[in-house]
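Engineer: These are the residues of each chain, in order.
Number of protein chains: 2
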Amino acid sequence: MDRVQIGIIGFGTVGSGTAEVLLENRDLIRGRSGVDINIKVIADLNLRWDRGLNLEGIRLTEEAMEIVEDPEIQIAVELIGGLTTAKEYVTEAIKRGKHVVTANKALLAHCGEELFSLAQRHNVLIGFEASVGGGIPIITAIQNGLTGNRITKLMAILNGTSNYILTRMRSELLPYQEVVDEAVRLGYAEDPPTLDVDGTDVAHKLVILMALFYGMWFPLEEIYKEGIQEITPQDISFAEELGYRIKLLGMAKSRGKRVEARVHPVMIPKEHMLSGVEGAYNGIYLEGDFVGPTLFYGLGAGRRPTGSAVVSDIVSIAKRLRSQQKSFSSPIWALGPKEEFRLCPMGEVETPYYFRFQAVDKPGVLSKISGILANHQISIASVIQKGRRLEGSVPIVMLTHEAKEKAVREAIEKIDQLDVVTDKTLIIRVEAQDAL
Amino acid sequence: MDRVQIGIIGFGTVGSGTAEVLLENRDLIRGRSGVDINIKVIADLNLRWDRGLNLEGIRLTEEAMEIVEDPEIQIAVELIGGLTTAKEYVTEAIKRGKHVVTANKALLAHCGEELFSLAQRHNVLIGFEASVGGGIPIITAIQNGLTGNRITKLMAILNGTSNYILTRMRSELLPYQEVVDEAVRLGYAEDPPTLDVDGTDVAHKLVILMALFYGMWFPLEEIYKEGIQEITPQDISFAEELGYRIKLLGMAKSRGKRVEARVHPVMIPKEHMLSGVEGAYNGIYLEGDFVGPTLFYGLGAGRRPTGSAVVSDIVSIAKRLRSQQKSFSSPIWALGPKEEFRLCPMGEVETPYYFRFQAVDKPGVLSKISGILANHQISIASVIQKGRRLEGSVPIVMLTHEAKEKAVREAIEKIDQLDVVTDKTLIIRVEAQDAL
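Top line first, the protein sequences correspond to chains A and B. Those letters in the first sequence? Residues 4 to 439, by this note's numbering. Those letters in the second sequence? Residues 4 to 439, by this note's numbering.
Because the hints were derived from the structure by calculation, they are not lab data. The structure displayed is predicted, hence computed values, not measured ones. Be a bit skeptical, because a hint or two may be false.
Put simply, identical chains are the same to the list, so a pair is met inside one copy or across any two.
Stated by the list, open to error - Below, simulated EDC-like cross-link-like pairs (lysine to aspartate or glutamate); rule was C-alpha separation at most 20 Å, straight line:
1) LYS260 / ASP30
2) LYS156 / GLU27
3) LYS156 / GLU290
4) LYS273 / GLU243
5) LYS43 / GLU59
Bound conformation, chain A alone (with noise of 0.2 Å):
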């Protein structure tokens, strides 16, 4: 039987979980495949704490290097994360022939399109199927499974974290703060969790979709981003009533070749299948042009379902090497009649708005805040305004139809300096029902 030798870069939660999978079941991968997969080295700064694996026979070291300059070693793993290290050590075993699996999404969102042009010119591939959607294989269906498609709509919950927090506040009614501090306490987020919920860690996951969906890497920095901190479960509440779930999405749409990307909380109707997607797991929802709309739902992190996805990776390079295969197929990006898309100024963007002022209880203020969203071409579809007084100021909740982006910030300004409103107004973007 063929045998390929890798080495693992990075032991903590994802190189664990990785070291369990293919330990656990070597013989179920080996029957699949074909090939035996073994783990010759693993590298990490701290060997001390126990990971609960048998590692026998597997040479552990602190010098990651060993890996990369290791001749037997085929295929690299880099499980550290992070911007720092992982990039130097992904570089230099490319330059080596190695093939590379890797689960970080801000080393390719920032670097994807150098590191795939070195890996094309070393004939090996990157497998990253673990940086986005964690357990989920949902980089092998797009790569494979829709490879005649146009994605022309992207829908996604990326990140676990902020799912949660968004789903424990709907369903406690609690703050937002309080859910944070608990997710903090029990381990379920890190301190302070502030790329989970500020849509950064989307916003990484977002242009790798995109690049395989478009063909090129959009910089991240042009990425609109938003997060979920200033939504309240009053917020949560008002959008139950009106039909809707609020939920942190990365979205691309695609018109020609006109890419609206963009990652910020939307309302979401219930019914849509996104809406059913709770706590930790994610759910990516595409349109292609021929498969129509899909959705692909699992767990996004965590030490088993991202070391499943790194294994799918190292299995996938491995039965390649074990085919004799010569050349490595470029991923979709390398080739081609490159198509050029751009991206749509925020400014731009159409969408149906949810808005919540917080007014003074008086006559004549909905009349004043109508005024200025008239002037703006702002078409209001319905309005929920209660008597609740809350330390002398009332919410007033409107869903506007279509908008456009720079309409809206335009009056939203102009009602906020309105001496009878008392708040910073809060905007959510709304999915259609016709989104469905």
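Chain A is already provided as a structure; the job is to place chain B on it using the hints.
Structural biologist: Coordinates of chain B only, in the frame set by chain A:
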């Protein structure tokens, strides 16, 4: 640029969809795969009707063997379906060293073992993404994305026609036959839609998925099978009231080497992701030992979605041809060490049950029924008995705790012989809340 020559056998719905993807997205596919896929010949017995496609440069023939015998054609795409001539063409193509792509679930469910052994001997691939789940890339997801996992549980909506019927019955509270007649009239269902509604089509797909999970082909005739013909709108309403939805599922569960495989209507909790799979959509819910729960959702049939799946196989084989692969990686069941799974007899299956008894509205009826259940160690979880009379009899609905199928059948046989029971008892198996 490399060019791969293909021939399409069968130019009906799926054949036209396949040609449509390849023609309409030819540049896109070329860019993504590095291969130009050329349809050299299309064969069909009826070439007269207009498929709405520009077929310039493609040879049309009534002789499928022309494709099989053409040495230039590298991939034969079998889209005739059924068990008549399809097998001959597939077999002959393989023997001549051609790779095969097929959407033919009946053929694979009946002759999978034989065909894949033959392909193995001739070092060719059989692509069958389109045989299960229409456009959903479920085969590549399992074969590649989840390859490190033991799949321990499958619950899948695999037939769009029956799911459409159940959805309409629920939303409009219409009887089965009325919805079927309407679906046939609108062209959504075949006339009669026997294989779709009686579980046969689902059983075909289940056997294919099980081959992927367990590495062996289970005999189709040993899969327990029950259709949706007996379900009434009344049952659907009772299910709603109890917090469930009724879906026709293909199920496979394994514990160690013991596999439960069955096709029948199931009551699943409303909050389960599968309950949101409505209309003509398919949904495949899987649990793997590492990945945990996952769901794959999309259109289960139709010209364009199924075309998308067929094309994904064609491109995948074309990419391997381009990369100068010598040995074509065997599908996972063709390699050892063979694990010997065995089917659990239906009588030994344990699950909660829904019973709808039809009985005269007299004192003592409930006590007679529950007495027989108790004698068979079947424990009742809840009862709904309502006063409304239906032609002299009333429905009594019960949910049980876990009970053994064998005991249930014996008990129901006795109950159905009671003189107070006016009609055959309807049984629906229940997937309990903890299955979420």
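Engineer: Give the relationship of LYS43 and GLU59 under a CA distance limit of 20 Å: within one copy only, between copies only, both, or neither.
Structural biologist: Answer is within: at 10 Å inside a copy they meet the 20 Å cutoff, but 55 Å across does not.
Engineer: Please sort LYS260 with ASP30 into within, between, both or neither, judging by C-alpha distance up to 20 Å.
Structural biologist: between (47 Å within a copy, 15 Å between copies)
Engineer: How would you classify LYS156 and GLU290 at a CA-CA limit of 20 Å: within, between, both, or neither?
Structural biologist: For LYS156 and GLU290, the Cα distance is within 20 Å only inside one copy (5 Å; across copies 27 Å).
Engineer: Which holds for LYS156 with GLU27 at a C-alpha limit of 20 Å: within a copy, between copies, both or neither?
Structural biologist: For LYS156 and GLU27, only the inter-copy Cα distance (19 Å) is at most 20 Å; the intra-copy one is 38 Å.
Engineer: Since the copies are identical, ignore which copy is meant and state whether LYS273 and GLU243 lie within 20 Å (CA to CA) inside a copy, between copies, both or neither.
Structural biologist: both (8 Å within a copy, 17 Å between copies)
In terms of the numbered hints stated before, the structure departs from none.
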